[in-house]
Amino acid sequence: MNGMTDGKTIDQFESEADFGEYVSLLKPRVMSLVVFTAAVGLLVAPGPVDPVLAFASILFIALGAGGSGALNMWWDADIDRHMRRTAGRPVPAGRIAPETARDLGVALSLISVGMLALAANHLAAGLLAFTIFFYVVIYTIWLKRWTPQNIVIGGASGALPPMIGWAAATGQVSVESVLMFLLIFMWTPPHFWALSLFMNDDYSRAGVPMLTVTHGRPATRRHIFAYTLLLVPVSLALAFTSIGGPVYLATALVLDALFVSGAWKLLGRSEEAAAADGYAAEKRFFRLSLFYLFLHFVALLVEKGLKVAGIEAGDWPVLLSGAF
Amino acid sequence: MPISREHELLKRRFRRNLALGGVLILFVILVFLMTMAKIRQGSLMQAFDHTYRASLAPLDESRARPENDSEQDGTGAGPAGETRR
Numbered sequence: 141m142n143g144m145t146d147g148k149t150i151d152q153f154e155s156e157a158d159f160g161e162y163v164s165l166l167k168p169r170v171m172s173l174v175v176f177t178a179a180v181g182l183l184v185a186p187g188p189v190d191p192v193l194a195f196a197s198i199l200f201i202a203l204g205a206g207g208s209g210a211l212n213m214w215w216d217a218d219i220d221r222h223m224r225r226t227a228g229r230p231v232p233a234g235r236i237a238p239e240t241a242r243d244l245g246v247a248l249s250l251i252s253v254g255m256l257a258l259a260a261n262h263l264a265a266g267l268l269a270f271t272i273f274f275y276v277v278i279y280t281i282w283l284k285r286w287t288p289q290n291i292v293i294g295g296a297s298g299a300l301p302p303m304i305g306w307a308a309a310t311g312q313v314s315v316e317s318v319l320m321f322l323l324i325f326m327w328t329p330p331h332f333w334a335l336s337l338f339m340n341d342d343y344s345r346a347g348v349p350m351l352t353v354t355h356g357r358p359a360t361r362r363h364i365f366a367y368t369l370l371l372v373p374v375s376l377a378l379a380f381t382s383i384g385g386p387v388y389l390a391t392a393l394v395l396d397a398l399f400v401s402g403a404w405k406l407l408g409r410s411e412e413a414a415a416a417d418g419y420a421a422e423k424r425f426f427r428l429s430l431f432y433l434f435l436h437f438v439a440l441l442v443e444k445g446l447k448v449a450g451i452e453a454g455d456w457p458v459l460l461s462g463a464f
Numbered sequence: 027m028p029i030s031r032e033h034e035l036l037k038r039r040f041r042r043n044l045a046l047g048g049v050l051i052l053f054v055i056l057v058f059l060m061t062m063a064k065i066r067q068g069s070l071m072q073a074f075d076h077t078y079r080a081s082l083a084p085l086d087e088s089r090a091r092p093e094n095d096s097e098q099d100g101t102g103a104g105p106a107g108e109t110r111r
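Taken in order, these protein sequences are the chains called H and D. The working numbering numbers the first residue of the first sequence as 141 and each following residue consecutively. The working numbering numbers the first residue of the second sequence as 27 and each following residue consecutively.
Just chain H, with the same shape it has in the complex (with noise of 0.2 Å):
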């Protein structure tokens, strides 16, 4: 049959999609995170890798983030559609149809997962079938319409990125590549609850039952500060093991302080009052969420940086350390 006569009508034909479409469909700026930390975990992990195969195993997994997004999107373009954020995406604006995004994201997933096998090893290959699974089953399909500890649970997916990069390059788990998971972990609930005390509406609207309207905002406010405290200890643990080291330590004091004390304002906070300035402590701590993550995986690669060139605190106690 004819490309241009399969049964499609004028407007379907004009809003086919551009290759961009298709790029956005992979969630690029979920993926930018991903490969930072992927990146991080691979590079901080000791041991050489060769270049071609770290850049390879960074792209698949990757495309593994890339996949589970089109398959997220399929799942969920119905509540997409109510939502400001998302409302732009392409298979709620109908530039993508759902079969494709669910097409592409089970063949990017398959293929990505199988490349990483050739290109690291079969530990790494696992944890990122572990992850796009426990992305697109447990949290898209079974847990974000059921609970509002969705993101808690969840929030598993997004932090095992580095670990896959530790794995890549060593083929262990480790206890370093186990507290940058937990580094994330601990961090997605305060960083998404932030967000969802300002975007609240939209969460209300597609039915997604988070934390600010199953339990409303003061109740999400006390959770942040509690999550932000557990955070703590985590962050600061990663200084004394093989991979941290005096500037990590410090960084992490400071952001720690910073984030501490942003969820303390957040705490204190009426609904009235941060409705009368638009919600703009809660946008400052989602802003600051952000470089917090970012800031101590930069100071990870620092600590490396600093040791390669054999710039290390000779003394440094490394308290936690080795493979499982």
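Honestly, the hints are just simulated from the structure, not real lab data. Everything numeric in this text was worked out from a predicted model, so none of it was measured. Careful, some of the hints might be misleading.
[Unchecked claim] Now the in silico label distances, taken between C-beta atoms and shown as ranges:
| id | chain 1 | residue 1 | chain 2 | residue 2 | range |
| --- | --- | --- | --- | --- | --- |
| 1 | D | 61 | H | 228 | 17 to 25 Å |
| 2 | H | 168 | D | 50 | 16 to 24 Å |
| 3 | D | 49 | H | 225 | 54 to 62 Å |
| 4 | H | 398 | D | 37 | 37 to 45 Å |
| 5 | D | 77 | H | 239 | 38 to 46 Å |
| 6 | D | 51 | H | 262 | 24 to 32 Å |
| 7 | H | 262 | D | 40 | 52 to 60 Å |
| 8 | H | 369 | D | 36 | 40 to 48 Å |
| 9 | D | 55 | H | 228 | 48 to 56 Å |
[Said to hold, decoys possible] Cross-link-like lysine-lysine pairs, in silico, BS3-like; alpha carbons within 27 Å at most:
| id | chain 1 | residue 1 | chain 2 | residue 2 |
| --- | --- | --- | --- | --- |
| 10 | H | 444 | D | 37 |
| 11 | H | 167 | H | 405 |
| 12 | H | 284 | H | 444 |
| 13 | H | 423 | H | 444 |
| 14 | D | 64 | H | 167 |
[What the hints assert, rightly or not] Here are some, though not all, of the chain H residues that point toward chain D, as calculated from beta-carbon distances under 8 Å:
| id | residue |
| --- | --- |
| 15 | 156 |
| 16 | 158 |
| 17 | 259 |
| 18 | 263 |
| 19 | 338 |
| 20 | 342 |
Where a beta carbon is used, it is the ideal one built from N, C-alpha and C, also for glycine.
Fit chain D to the supplied structure of chain H, relying on the hints for placement.
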């Protein structure tokens, strides 16, 4: 419907196909470079393929004759089937 509209659609499809072609070419180059990197590392490039090959059998150190034995028997070669990768 004006002809120019159909033309725009074809152009868009062409751009998409071109980009996909570019991605596939980059993928082929990447696989080639990965293969080169694996060979440089000395990784095994063969796998089981419907028949046993001596080159895939693990080296049995206990059965392997020492190098000087080979020199003594004048052949200069190890025993048949004892392969070294």
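Practice problem: Could you say whether the range 17 to 25 Å given as a hint is met by the Cβ separation of residue 61(D) and residue 228(H)? | Solution: Check failed, 41 Å falls outside 17 to 25 Å.
Quiz item: How does the Cβ-Cβ distance of residue 398(H) and residue 37(D) compare with 37 to 45 Å: does it lie in that range?
Solution: violated, 50 Å
Exercise. Could you grab the alpha-carbon distance between residue 444(H) and residue 37(D) and see if it respects the 27 Å cut-off?
Key: violated, 48 Å
Quiz item: Does residue 259(H) meet its interface restraint, that is, does its C-beta lie within less than 8 Å of any C-beta in chain D?
Solution: The hint holds - residue 259(H) has a Cβ within 8 Å of chain D, the shortest such distance being about 6 Å.
Quiz item: With a cut-off of 8 Å, does the beta carbon of residue 263(H) approach a beta carbon of chain D closely enough for the hint to hold?
Solution: Hint violated; residue 263(H) Cβ to chain D Cβ min 16 Å, cut 8 Å.
Exercise. Compare the distance between the alpha carbons of residue 167(H) and residue 405(H) with 27 Å, and conclude whether the hinted pair is satisfied.
Key: Answer violated: residue 167(H) to residue 405(H) is near 32 Å, above 27 Å.
Quiz item: Has the hinted range 52 to 60 Å been met by the Cβ atoms of residue 262(H) and residue 40(D)?
Solution: This hint is violated: roughly 40 Å between Cβ atoms.
Quiz item: If you check the beta carbons of residue 77(D) and residue 239(H), does the distance land in 38 to 46 Å?
Solution: holds, 42 Å
Quiz item: Is it true that residue 49(D) and residue 225(H) lie within 54 to 62 Å of each other by Cβ?
Solution: Once the Cβ atoms are compared, 28 Å apart, the range 54 to 62 Å for residue 225(H) and residue 49(D) is violated.
Quiz prompt | Cβ separation of residue 168(H) and residue 50(D), checked against the hinted range 16 to 24 Å | solution = holds, 20 Å
Self-check item: Status of the hint placing residue 156(H) at chain D (closest C-beta pair under 8 Å)
Solution: This hint holds: residue 156(H) lies near chain D, its Cβ roughly 6 Å from the closest one there, short of 8 Å.
Practice problem: Using Cβ atoms only, decide whether residue 158(H) comes closer than 8 Å to chain D, and label the hint accordingly. | Solution: Check passed: Cβ of residue 158(H) comes within 6 Å of chain D, closer than 8 Å.
In summary, the numbered hints that this structure violates are 1, 3, 4, 7, 8, 9, 10, 11, 12, 13, 14, 18, 19, 20.
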